[in-house]
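Engineer: Going down the list, the protein sequences come from chains X and S. Every letter in the first sequence is one number past the one before it in my numbering, and letter 37, counting from 1, is 37. Every letter in the second sequence is one number past the one before it in my numbering, and letter 475, counting from 1, is 475.
Possibly wrong hints are sitting among the right ones.
Okay, the calculated bits of chain S under chain X, using three or more residues with CB under 8 Å as the criterion [as the list claims (entries may be wrong)]:
| no. | segment |
| --- | --- |
| 1 | 34 to 45 |
| 2 | 268 to 275 |
| 3 | 398 to 412 |
| 4 | 526 to 539 |
Simulated pairs of lysine to any residue, SDA-like, Cα-Cα distance not exceeding 25 Å [stated by the list, open to error]:
| no. | chain 1 | residue 1 | chain 2 | residue 2 |
| --- | --- | --- | --- | --- |
| 5 | S | Lys510 | S | Ala344 |
| 6 | S | Lys222 | X | Leu33 |
| 7 | S | Lys228 | X | Leu50 |
| 8 | X | Lys65 | S | Glu252 |
| 9 | S | Lys228 | X | Lys65 |
| 10 | S | Lys222 | S | Asp209 |
| 11 | S | Lys222 | X | Gln23 |
Pair by pair, the computed Cβ-Cβ distance ranges are [claimed, not checked]:
| no. | chain 1 | residue 1 | chain 2 | residue 2 | range |
| --- | --- | --- | --- | --- | --- |
| 12 | X | Glu36 | S | Ser105 | 56 to 66 Å |
| 13 | S | Ala100 | X | Glu36 | 38 to 48 Å |
| 14 | S | Glu378 | X | Ala40 | 22 to 32 Å |
| 15 | S | Lys195 | X | Glu64 | 47 to 57 Å |
| 16 | S | Ser536 | X | Glu64 | 23 to 33 Å |
| 17 | X | Met73 | S | Tyr157 | 26 to 36 Å |
| 18 | X | Ala26 | S | Ala100 | 26 to 36 Å |
| 19 | S | His345 | X | Met73 | 51 to 61 Å |
Source of the hints: derived by calculation from the structure; they are not laboratory data. Where is the CB? At the ideal position from N, CA and C, for every residue including glycine.
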Amino acid sequence: MLRTNMVLLFFVVFCALGVVTSQHKARKFFQALETEQERAKQLDVEFGQLQLELSTWATHPRIEKIAKERLKMRVPEPRSVLVAAPREQRP
Amino acid sequence: MIRRGKGARGHRFAESPVLKLALPAWRSRLVGLCLLGAFGVLIGRSFYLQIINNDFLQEKGESRYRRDLEISASRGKVTDRNGDVLAISTPMRSIWAIPADARLSPPQLQQLARLLDMEPKEVSRRLASDKGFVWVQRQVPPDVAEQVAALKLPGVYQNKEYRRFYPTADMTAHIVGFTGVDDKGLEGVELAFEKSLIGHAGNRSVIRDRRGRVVEDVGSIKPPQDGKDVRLALDSKLQYIVYSQLKQAVAEHKAKAGGAVIIDAKSGEVLALANWPTYNPNNREHLSGAQLRNRAVTDTFEPGSTLKPFTAALALEHGKFRFDSIINCAPGRLTIGKATISDAHPHGALTVAQVIQKSSNVGSAKMAATFAPQEMWEMFDAVGFGQAPRLGFPGEVTGRLRPWKSWRPIEQATMAYGHGISVSLMQLARAYSVFARDGELLPISLTRIDDGPVTGVPVFSAQTAREVRAMLELAAGPGGTAPKAQVPGYRVAGKTGTAHKLEGGIYANKYVSSFVGFAPVSDPRLIVAVMIDEPSAGKHYGGDVAAPVFSAVVGNALRTLGVPPDASMTVAQAQPAKVPPVKEPL
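Just chain S, same shape as in the assembly:
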């Protein structure tokens, strides 16, 4: 029985009046909707992150384990024709520091300074800088760098750098050149062949594990491209011969400078190129412009008598003169307009061959007077004067060859014996290839040529070239201007040059002595050009100053190359006393 009290309605045991509270149905639906909405937003967001805009998260994720590594590439080697190294890069370490972090105790400082071979004061001065980054020392040998790393100094770090070494040092300095501290070519072959020497670093992405080991390559690998090696035509044995002879001659004659070149008469390869003064490319602290100049290529001078053979060749070529035509050179003077050309020693009547042998200015001028200016200009142009020799060398000069339309007769006459025109030693040596090679002008090359014989551009007929060759052999013989150019065992041919130097437009009492020639005459192998600038120890004639250098270079070089002798070993020595050496005119 249920009692029904007042104020309390009776209800059954299984019922709860609380539950009977009738909440409006919309409230529960609202909550349900809200939850559903929030759920929808979550799905939307994850859809957005996973599918639409997934790059960001993927990148973040990858950055936890993926690393981009640079693969370093080294610069190519420069070698000589036999593969001997002239320039090579080897990895070094550079030590740098963050000064704010590098708080070193005095003993640490001492240790670091001792390892790096520096003054402790210098090290602390560098570390006292307020910059965020300082080099402590660049290009430290790897073994030293490891010892530095072993010190575990705070704030001191290292990175890898390449350093260029030049084992042949000052001997090949001008031809090889050098690179800067960032391994870019600054001079010589290093600059000229920069494009092929330079290496391109590659890169790769890898996955690294917890211990920093590379476990996997991901993505594409860009392989590094090492620089290509450059094989020069240079022969380091010949280079040494040239270099040491030149050095000796410059010292002996107290000259200001000198240069010498050897060109292979068969292929046009530059076998040696030396200049004095020179420098050590491994240590370039006290360099001056004079040392850096590659005179054989970048400096021009008035060649003087070395141009006479070209005048004679043109005369023979035109058929106006023959080998033994007589030219009257008496009384050793020739007046054209207001100017007078003179021979240092008056000669009488000379044949064309003797004009070259005795180096007569008057004879050359008389031959030149029979040419039209244009013909002469074309000949000079054809043998390469007035144009760069196209070796690809930085700073190659063209020399000066004025257009023929503005020539006056006196200028044409002086050009016949090499004044009023300027050339570089390299141009001169190359031009002589027309005589060494039956009239062909060779293209010249700094790099080794492996494919077959080289053909040149014909300038003179073979007959002319042979006749001039015979004249040049006379000039380098006992009755010529340069008996000192003779080499025991080999027939040599060549021509001296002694030119006044132009200073401020007037000819000063300073000279450039030169000698250009080739050997052996029976089958020319080498063309050698020597130039000595301002010899001031008494002698200044090309025959006294430059010819002995030629002789020593040719003799040693031909022996080194194993060229069979084409003359007796003793003839050259026998007769310097017979014919008094003819003093050479300017």
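Isolated chain X, as found in the complex:
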């Protein structure tokens, strides 16, 4: 009788320690997950900001200005345009 009780007691203590350990581990993992999620959110925000920056740099008035002033580009005169394949309809 006494021996059975001792075995059971040992078993209970062992389980209790197991619960504590796994709980601790779970919290560690949870925190890691939490950190990563926070980072994902941060990156998302940064992506939005970069997208905003991209479209600010890529506005057409700015592109036209650079093309005209810095790169000295211009629209060709209609008479200097040759159409290579007018019969062929592109899809």
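Given the coordinates of chain X, work out where chain S should sit on it, guided by the hints.
Structural biologist: Then chain S, alone, in the frame of chain X:
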């Protein structure tokens, strides 16, 4: 031997007389009962707290470690058809203070003001308020906010807010609209698509440890729902072309306002929509109503001659006239009742095609005289006049199309050339889809359409539409009213309109010049409508004011889209001198 003294009874050593005092038995029982009772009360109370009414304590307990967190959701983006961002939200900080707690020393005040780019006086004025809460500055960039937080000022706090940015600014202001400071849509697409753009914040309950870290989720998590992105049909390249050409034309002709629309003739998508004057949605400090108005959709005007093709189409459809039927337009005047209709330049006998090409009022009125009012009303109704174009835009107007029962003959005649009826530019552009598409009226859409070809509602037969298309090509050709609408390399078709403006019920000496057309004629891709309000630099005919805008827009747009040319590059330039341009009647 025990001695027994007087007065003291003898007793044995092991006995105590004190203990022999016979207390009544009930006293001890009473005490026992009291204790038992008190014990019972304690058990009862703990039973009550632990089992019957346990919510209160549990709540109190949880509040020590459990926190409800809000998970913020962001508003959806608005993009153009290629995914270029037109409106995007990004988190900002707002700095607020409790004035009673915010006792800042002068150097602190200086620092704060410098960081926020404000006058120190302004900051101290705000902090001097007797309210419990004041905004110091809203929507501060995150990096600046961090520097402010690093100052560790007493009574100064921050919270997260979203701010909306519009990288394309004034170019797309009217179509995209804007949101208020609380991130709710107030105008344009931002308002029209508010329901799908708006995000719904979620929440979760968590357990926090001593250091404030989240250790565990408890209870259910309500995930945040980010707003959905809206992909418009708008093409920002075409939008830029339209916007810059319109801006230039308004300046050149000293006009009050202008509007232009491009609709895809295949799908009915609105590819561009620009108005002038416009505004910068990123900085809305000095806004006036005139700048805010999305004229192409919310303003109506009498379209003038741009309606003549519809009259001609109805005439052809009924079989009363053919493409080359002769109508006698001499002597350039027509009297109906007390009123007289006149052409700006008298013509002799004209074919139906020439009536459209030369834009003869008399010819149109004569055609209209052969219709029953109901037939004409039904045709106008079928091409969408008098009803909102159902774009979902705030403030869409229906225009004015009076019921046919109250039409007088003179009104029917003037409606044949676009007076006595009012339409918006968007309606007009849409109505022209019947000519660009073999007689079908297209439904139009602000958002990109991805699934297959769109079918419209048939209004005219394909034969009629093709004939009118040919007439419109003549009108935009060398002998027509708008030779300036020609585009090198592409065949274009379209019709000018020059309408007197109604002011207080009478026609004033102010004009609305318009041009509606499509290109390339061999297989129409784009429908373009241009309207210039009150040009006052000398020219006011649609052919002089609006047609060049059309030409520039169509030429650039078709090249941008890579549409193969269907005409020679030089023809259009060759012969403006041959036929003297016909001055267009009203």
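Engineer: If you test the structure against every hint from before, which numbers come out violated?
Structural biologist: 1, 2, 3, 4, 9, 12, 14, 15, 17, 18, 19
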